[in-house]
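Heads up: the protein sequence lines correspond to chains A and B, in order. Residue numbers for the first sequence follow the working numbering, so the first one is 4 and each next one is one higher. Residue numbers for the second sequence follow the working numbering, so the first one is 4 and each next one is one higher.
Keep in mind that the hints are not guaranteed to be accurate.
Chain copies aren't distinguished; within one or between two, either way the pair holds.
As the list claims (entries may be wrong) - Straight-line distance between alpha carbons at most 30 Å, and here's what the computed DSS-like set of lysine-lysine pairs gives:
{"id": "1", "residue 1": "K63", "residue 2": "K78"}
{"id": "2", "residue 1": "K63", "residue 2": "K380"}
{"id": "3", "residue 1": "K238", "residue 2": "K348"}
{"id": "4", "residue 1": "K212", "residue 2": "K403"}
{"id": "5", "residue 1": "K348", "residue 2": "K200"}
{"id": "6", "residue 1": "K293", "residue 2": "K403"}
{"id": "7", "residue 1": "K168", "residue 2": "K371"}
{"id": "8", "residue 1": "K124", "residue 2": "K78"}
These are computed hints drawn from the structure, not numbers from a lab. A quick note: this is a predicted structure, and the numbers were derived from the prediction, not measured.
There are 2 protein chains.
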Amino acid sequence: MMDRLPGFRDFYPEPIPHPDVWSSDARHYLFSSWRTTARLYGFREYDGPPVESLELYTTKSGSEIVGQLYNFKDKGDREVSLRPEMTPTLARMAAAHERAYKKPIKWFAIPQLFRYERQQKGRLREHFQFNADIIGEADPAADAELIALLVDSLRALGLTSGDFKIRLSSRNAWHEFYTRGNGAPEGEYAFYQAVDKIGRDPLEETERKLAAVGFRFAAVRDFIEKGEPTDELRKVLDNLDARGLSEFAQVDYHVIRGLAYYTGIVFEAFDVQGELRAIAGGGRYDNLVKLLSGGKVDLPALGFGMGDVVLMELLKSRNLLPQFTSGTDVFVLIEDQSLRFESLKLVQALRSEGLAVEYSLTPMKPDKQFKRALELKSGFSARIERDASGGTMARLKNLKTREESVVPVPEAPKELQRKLPA
Amino acid sequence: MMDRLPGFRDFYPEPIPHPDVWSSDARHYLFSSWRTTARLYGFREYDGPPVESLELYTTKSGSEIVGQLYNFKDKGDREVSLRPEMTPTLARMAAAHERAYKKPIKWFAIPQLFRYERQQKGRLREHFQFNADIIGEADPAADAELIALLVDSLRALGLTSGDFKIRLSSRNAWHEFYTRGNGAPEGEYAFYQAVDKIGRDPLEETERKLAAVGFRFAAVRDFIEKGEPTDELRKVLDNLDARGLSEFAQVDYHVIRGLAYYTGIVFEAFDVQGELRAIAGGGRYDNLVKLLSGGKVDLPALGFGMGDVVLMELLKSRNLLPQFTSGTDVFVLIEDQSLRFESLKLVQALRSEGLAVEYSLTPMKPDKQFKRALELKSGFSARIERDASGGTMARLKNLKTREESVVPVPEAPKELQRKLPA
Chain A
4 MMDRLPGFRD FYPEPIPHPD VWSSDARHYL FSSWRTTARL YGFREYDGPP VESLELYTTK
64 SGSEIVGQLY NFKDKGDREV SLRPEMTPTL ARMAAAHERA YKKPIKWFAI PQLFRYERQQ
124 KGRLREHFQF NADIIGEADP AADAELIALL VDSLRALGLT SGDFKIRLSS RNAWHEFYTR
184 GNGAPEGEYA FYQAVDKIGR DPLEETERKL AAVGFRFAAV RDFIEKGEPT DELRKVLDNL
244 DARGLSEFAQ VDYHVIRGLA YYTGIVFEAF DVQGELRAIA GGGRYDNLVK LLSGGKVDLP
304 ALGFGMGDVV LMELLKSRNL LPQFTSGTDV FVLIEDQSLR FESLKLVQAL RSEGLAVEYS
364 LTPMKPDKQF KRALELKSGF SARIERDASG GTMARLKNLK TREESVVPVP EAPKELQRKL
424 PA
Chain B
4 MMDRLPGFRD FYPEPIPHPD VWSSDARHYL FSSWRTTARL YGFREYDGPP VESLELYTTK
64 SGSEIVGQLY NFKDKGDREV SLRPEMTPTL ARMAAAHERA YKKPIKWFAI PQLFRYERQQ
124 KGRLREHFQF NADIIGEADP AADAELIALL VDSLRALGLT SGDFKIRLSS RNAWHEFYTR
184 GNGAPEGEYA FYQAVDKIGR DPLEETERKL AAVGFRFAAV RDFIEKGEPT DELRKVLDNL
244 DARGLSEFAQ VDYHVIRGLA YYTGIVFEAF DVQGELRAIA GGGRYDNLVK LLSGGKVDLP
304 ALGFGMGDVV LMELLKSRNL LPQFTSGTDV FVLIEDQSLR FESLKLVQAL RSEGLAVEYS
364 LTPMKPDKQF KRALELKSGF SARIERDASG GTMARLKNLK TREESVVPVP EAPKELQRKL
424 PA
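Make a model of the complete structure from these sequences and hints.
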């Protein structure tokens, strides 16, 4: 039997049939929640192609990125790649038509992203990511607005400050530290990468890397431990405090973000119970739009990305995923086959009123139909019955309370709509 | 400036900045409408990977299909393809775990699909498609249920029987006609393809193709014109009639569907004003699950696909797309900078109540803020003001009726929620 490609996921309706596949219901729940919160914050949705020219990624990240990309040559001999991240597409799209939009541009997307490293057995080659970005505002007020969105996106899923925190840091603070320590410009990115790996690299490795660019580990550690917020960070903290969100944010200079293009405040949301596992990350990239537009458009920008895989694990471990059902409002029982067509008419009438309706497509024993209605966790059953005068009535039954009522068939849709929770 | 790859689309928030890009708002509207209607019919959402092994498509359609696929070799030297259609993925997924689901399985998906023919300048290489399928039910009652879903998916978008019809046909009817006419088995698919092209091929071409498999055009034309429904089609028509949907369906043996794998009833939704332009198409493919599961799972199945491109054009031409706005419920005006933090607190409180809120991130002249609130078509503005005693109140203004009210700041969220349309 043919299987899916390694590293890709199949999404099935709940209850999922096998631990090896994913829940399409949970995915829909997550995406809907992301969309709703983004809209509360005035972010508008955009999307671009899942395939872009390879150059879009190498321009931004250098050619060493290619080893991690799901890249290939298309039939027109173009070097292309499945998108590994959304920011280059966003920068390209914003640069192309920024004049049509008032600044700041607040946009979000939920792209599927791809990667392909040769040695990554058992690792996923795709995931979905909630991306939110603000383009055209240099003030830290934009950083605060974006971080507040991140906090509320996680809170909307039931997570609290006992589950996650936002660690705030600043490339500017690190740049100043590096400059004050007489670091040479050509070593600065290597320095950031060494700091990024503190706690993950062995201590000697960190010391060696820092020494190579002229720094002692003790000085770096002291700077982190002191954690003195820059003016910029102070503004963000005060802003979040005004919103009542200060319990979610803390300065932590361990965070520096691996990517080269960040320019200002950077941050990560992390799982406080999961050994600081990162749930989301982002920051300012004030030079990227200019770089990717060939110098034509120069706009400050910032954004974050939040993946579905870690988040879904987190929600599961905290028991925060709702129980997903078929969503059937009404199961229409067809017991008397001479009433099948009249029952189909009722099915149609109920659906036309916005009710989700199931029924047995073919004749089935009454008890089996009823069992199916219960399995689907239908709110109500509806059955057309003949009355004494040979006419028909609809018998409606609340399948939780077992309350029944009998109404004229044409009144059944409105009656059920009234009885069902909104 | 870097551009997207040819044949791919960028989706921007409305109002779209250029005729060359697409509306993300219209896309979201369409997808939401598809999802809602599918759920009313008890269909559950699934999804698979956008990349599958090439073999999944060549097994089903033969190696000649490769010329139309967006296929390539991945970094692990696998022959793979971006999915050109959803049915093979569905058959693969259903076959893998069908035992976990009660039959019939009713599933839908909204995949992005891809193709790549070398000579197709200016044509799109991707589109989105609404796919709905029923697996595990051989009775025509399933065909009727699926066709009713197709009708209601289009009606939910505001289209009427003046806009579209479903043309019903039957591979069985054509098979019987072909057999009765002593057609040889090896010529049957060529015969179907000739019929499929009637009206599109020149008449002589049709006559030549039909003669090659032993048929006269006149006989074929008579069969189509007579349009005698098979028992199976009659059952579907009666079923649709019971639902009150007969005005949407008609037997039309011109329809035969190009693909080899259809086995029973086939159908197309077409635009009645657009020279019979096809909006959607589908039918029974009772042998495909068996074929794609290597003989392990044998289940009858049927489904349809409806693309976003033709449908979007149709909706535009009929003026059926709603006017999309930013969806801002409340614009918080911050005129007095000493009240900025209190205003941010209000912004947060409003969003926590589920209201979509915008405000100016940085100080801006009051009239500019007000202008921005109007541009965003916000329902209300809210402004914190100092009262005579030095305390603060919230002034709420309905931006359509211009009605104003002044309430204590903590009461503003509930007050606005009450005033805004649900």
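Checked hints:
With identical chains, the CA atoms of K63 and K78 are at most 30 Å apart both within one copy (25 Å) and between copies (22 Å). Taking identical chains as interchangeable, the C-alpha atoms of K63 and K380 are never at most 30 Å apart, the minima being 51 Å within one chain and 37 Å between chains. Proximity of K238 and K348 under a CA criterion of 30 Å is satisfied inter-copy only: 15 Å between copies versus 63 Å inside one chain copy. In the homo-oligomer, the alpha carbons of K212 and K403 never lie at most 30 Å apart, since the shortest distance is 65 Å inside one protomer and 63 Å across protomers.
When the C-alpha separation of K348 and K200 is checked against a cutoff of 30 Å, the pair qualifies neither within a copy, at 65 Å, nor between copies, at 37 Å. Neither within a single protomer nor between protomers do K293 and K403 lie at most 30 Å apart by alpha-carbon distance, with minima of 60 Å and 40 Å respectively. For a Cα distance limit of 30 Å, the shortest separation of K168 from K371 qualifies neither inside one copy, at 50 Å, nor across copies, at 36 Å. With identical chains, the CA atoms of K124 and K78 are at most 30 Å apart both within one copy (28 Å) and between copies (13 Å).
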